[in-house]
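A.B. asks: Order-wise, the sequence lines are chains A and B. Counting with the UniProt record's numbering, you get residues 1 to 465 for the letters of the first sequence. Counting with the UniProt record's numbering, you get residues 1 to 465 for the letters of the second sequence.
What the hints contain is simulated information worked out from the structure, not anything from laboratory work. Just to be clear, a hint being listed does not mean it is correct.
Note: identical chains are not told apart, hence a pair may lie in one copy or across any two.
[Claimed, not checked] Here are the simulated EDC-like cross-link-like pairs (lysine to aspartate or glutamate), alpha carbons at most 20 Å apart as the crow flies: (1) 293 x 191; (2) 265 x 297; (3) 354 x 101; (4) 295 x 122.
There are 2 protein chains.
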Amino acid sequence: MPDYDAIKAELDGIAIEDNPKLVRQKSRDFFWYSPILKDQLDNVTADLVVSPASEEEVIRTLKVAFAHGVPVTPRGSGTGNYGQAMPLSGGIVLSLAKMNEVREIHPGRVVAGPGAIIAEIDRQARAHSGQELRFHPSTANTATIAGFVAGGSGGVGSINWGGLRDLGNVLRLRVVTMEAEPRVLDLSAWDLQKVTHAYGTNGIITEVEMPLTAAYDWVDVLVGFDDFMDAVRFSDALAHENGLLVKEIAPIAAPVPYQFFSRHKQYVRPDQSVVVTMVAPQAIGAFLAFAAKAKGEILFRADTAESLKGLPQAFELTWNHTTLRALKVDPSITYLQVAYPGPDHVRKVEQMTKLFGDEVPGHLEFIRFSGQIQCSGLPLVRFTTKERLEEIIRIHEDHGCPVFNPHRYTLEEGGMKRTDAVQLAFKHETDPKGLLNPGKMIAWENPDFDFSSGKTFLFPGLATR
Amino acid sequence: MPDYDAIKAELDGIAIEDNPKLVRQKSRDFFWYSPILKDQLDNVTADLVVSPASEEEVIRTLKVAFAHGVPVTPRGSGTGNYGQAMPLSGGIVLSLAKMNEVREIHPGRVVAGPGAIIAEIDRQARAHSGQELRFHPSTANTATIAGFVAGGSGGVGSINWGGLRDLGNVLRLRVVTMEAEPRVLDLSAWDLQKVTHAYGTNGIITEVEMPLTAAYDWVDVLVGFDDFMDAVRFSDALAHENGLLVKEIAPIAAPVPYQFFSRHKQYVRPDQSVVVTMVAPQAIGAFLAFAAKAKGEILFRADTAESLKGLPQAFELTWNHTTLRALKVDPSITYLQVAYPGPDHVRKVEQMTKLFGDEVPGHLEFIRFSGQIQCSGLPLVRFTTKERLEEIIRIHEDHGCPVFNPHRYTLEEGGMKRTDAVQLAFKHETDPKGLLNPGKMIAWENPDFDFSSGKTFLFPGLATR
């Protein structure tokens with residue numbers, strides 16, 4: 001056990017929390033979305049939460065942790081649900097929440113502290129010059145920008161801009177290394193791939209520069225269809241309309257909207273599948289004409305609704321919020337993340353829909369992927385057993401629909417199921433002792449792990465706690 | 001011969017020009033790009049130019065023209081090069097140049113008079129709220145917005161937004177009909193297809209509402225490649241980068257840049273093919289990294305150039321300005337407009353490049369088309385004979401590359417080579433006497449014309465003059 005009294009003394013002047021109850025609270029993210037992660041990670045907790053207020057304090061903290069050999073797991077608001085921010089080996093949770101300043105706003109770009117709340121960046125950019133971030137997670141109201149960069153991939157707006165991994169969607173990251181003498185690195189262009197979606201395993205982000213785009217008073221619109229596949233085909237056609245500016249297209253199968261969207265239920269029939277969209281105000285006329293031609297029923301329009309009181313914004317019905325709303329009503333619900341590689345993505349969705357029916361109610365997010373319209377799925381799963389869940393995943397993959405498994409806490413298993421050589425090499429440079437967010441990068445922990453074995457990686461550091 | 005003295009008297013108070021020299025000047029557009037149209041249309045001239053200053057004056061003019069059975073051909077700045085604004089049957093040229101006000105600017109949209117100059121709309125929208133039109137022709141500095149809507153298709157920015165025909169890229173058009181009592185119609189959504197790219201054959205546009213997007217200080221960049229196909233592949237890959245914001249991607253084959261871009265020649269080697277791009281300032285870092293990886297040589301960057309004196313903007317090297325610059329140096333040059341339907345557009349370009357070599361130097365414009373990246377071509381043609389030109393067109397079409405023939409003055413022959421039933425039906429409603437821009441819509445003049453005959457339509461009204 002590290003000498004935490006000494007550590008605390010050395011961190012004098014930096015905000016520290018060591019009350020076990022509060023530390024446990026700050027050691028948790030949304031891992032419990034997954035019944036499997038819930039079992040595995042429920043007992044995980046840090047020993048100390050450190051909340052630096054500046055880059056200097058980050059550097060001091062890392063220096064002390066390195067000297068004492070204490071693991072450090074960075075954390076924004078803990079809205080991830082792959083266990084990204086869970087400190088598997090205990091040690092220090094490094095909360096970046098205090099470093100939440102929006103530092104600069106320019107035409108086309110914003111500079112912010114790692115802990116800046118995404119919706120707050122948008123609010124300030126909008127007030128400053130009618131701008132907003134290109135895309136954000138459905139957790140924008142609570143999530144931090146560096147948490148998104150380190151643990152997310154895309155979201156609301158990805159229909160226009162793709163994801164965080166795409167060149168140009170992050171402009172610059174400032175990163176502190178975990179060494180005896182921590183270095184500060186400025187990364188841009190290709191170098192960003194070293195750190196984006198690396199769960200903070202190879203550097204602590206202390207500043208983020210992101211591109212901005214034009215902000216609009218996006219109009220939430222729900223469009224109803226009697227058949228989920230009609231909703232999917234409408235969504236696909238809408239996504240292919242170059243001139244019709246929308247920020248979100250998510251078809252969600254019946255009975256999910258009626259069953260789980262408690263606030264919007266009043267607008268939806270039980271047997272209706274719904275396309276959740278956000279439409280630019282100047283595009284509303286064209287959008288309505290387009291929806292009418294597809295025989296979509298306009299169930300709800302925020303711009304003409306009598307009252308918006310008590311209604312969440314439409315984007316809080318999409319991405320992982322679809323799952324969250326379902327979970328709140330029915331705790332047995334979980335979900336998958338599925339790719340349906342194009343150009344026959346609609347056919348693949350139809351196949352899965354027919355195979356699983358209401359056991360796996362459909363939820364798609366249309367996105368732009370390498371310049372092409374695609375859809376990724378976050379279907380709900382009416383969970384029965386782990387075995388059946390694994391079987392559902394296998395069946396998807398056997399039909400050419402890869403699953404990014406949200407029931408795994410490692411980068412590789414939740415992602416491409418292979419070593420990311422760039423991120424691994426960077427970790428060797430920046431975290432030689434392997435103290436940053438241990439257990440999340442299999443390539444580091446067990447270079448010989450066979451991703452094709454079908455076995456789940458179990459981090460020894462977790463088993464021993 | 002109509003009684004022009006009576007007509008002039010009835011139009012009292014409206015600006016009129018009847019000096020034959022000046023009328024002839026205002027009866028011409030850029031038809032002379034085409035050696036074929038040059039022969040056919042060189043003698044075309046109107047009898048009178050009428051320049052209304054308001055919608056009321058447009059209505060009065062049309063009423064008088066209708067009563068006297070005089071043809072009316074609307075005109076913006078005459079920058080079209082399909083003979084769109086050529087008054088084939090004489091009569092009145094209706095210049096909308098005076099109605100050039102930018103009337104309203106809102107977030108995401110602008111309302112303007114038909115004669116508003118496109119660059120002026122951008123200038124005002126930018127000063128007002130950092131906005132600009134989604135795309136514009138290379139003639140933005142002189143072309144009018146309604147002329148673009150009525151006679152154009154896309155341009156600089158189409159890589160992001162597609163073309164004018166796409167739902168949402170025009171918001172509203174106000175149109176006056178050619179009847180005994182002209183009506184004023186407001187068209188939006190699907191109805192816009194009645195009038196966009198109809199050459200003013202079925203209504204006179206008196207107000208335009210267009211969507212706006214975020215304006216940036218676009219950086220002109222020229223990237224050099226030793227091989228044209230490397231330039232094409234770089235352009236295609238760049239166009240597929242979701243996060244890398246550019247407004248223009250035009251690969252142009254050697255020796256065109258060196259031979260014809262007299263002002264930019266200093267930056268280019270004779271054997272270099274060049275990709276002309278406009279890059280958002282916030283994307284420059286990523287762009288340079290991307291170009292370096294593709295081994296592209298940065299020949300010119302406007303943001304670091306020592307002096308921009310005397311240099312045209314990069315977009316004035318693209319679209320039809322490529323042709324214009326070539327024509328200025330070598331009057332024997334002409335061009336084609338070619339589609340290379342995807343997904344194998346790059347292969348098709350390669351095939352044509354190999355077949356024709358320097359007789360048809362390549363020039364592509366990358367665009368978004370129904371949600372997918374495509375390229376359309378405006379290759380130059382070193383013109384020898386009409387027969388060879390027709391042969392070059394046939395060979396393209398035999399290889400699956402349809403040609404939108406810029407050597408024809410009719411809507412159909414320059415376009416899809418089939419009747420546009422929507423535009424024809426609308427003409428029956430709005431121009432029962434067929435007085436608007438006569439000779440441009442074959443379906444009206446000769447409903448039995450066989451588009452598959454391979455014959456050129458010759459408007460009888462032109463032959464008799």
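A.B. asks: Which of the stated hints cannot be reconciled with the structure, identified by number in ascending sequence?
C.D. replies: Checked against the structure, the hints that fail are numbers 3 and 4, while the rest are satisfied.
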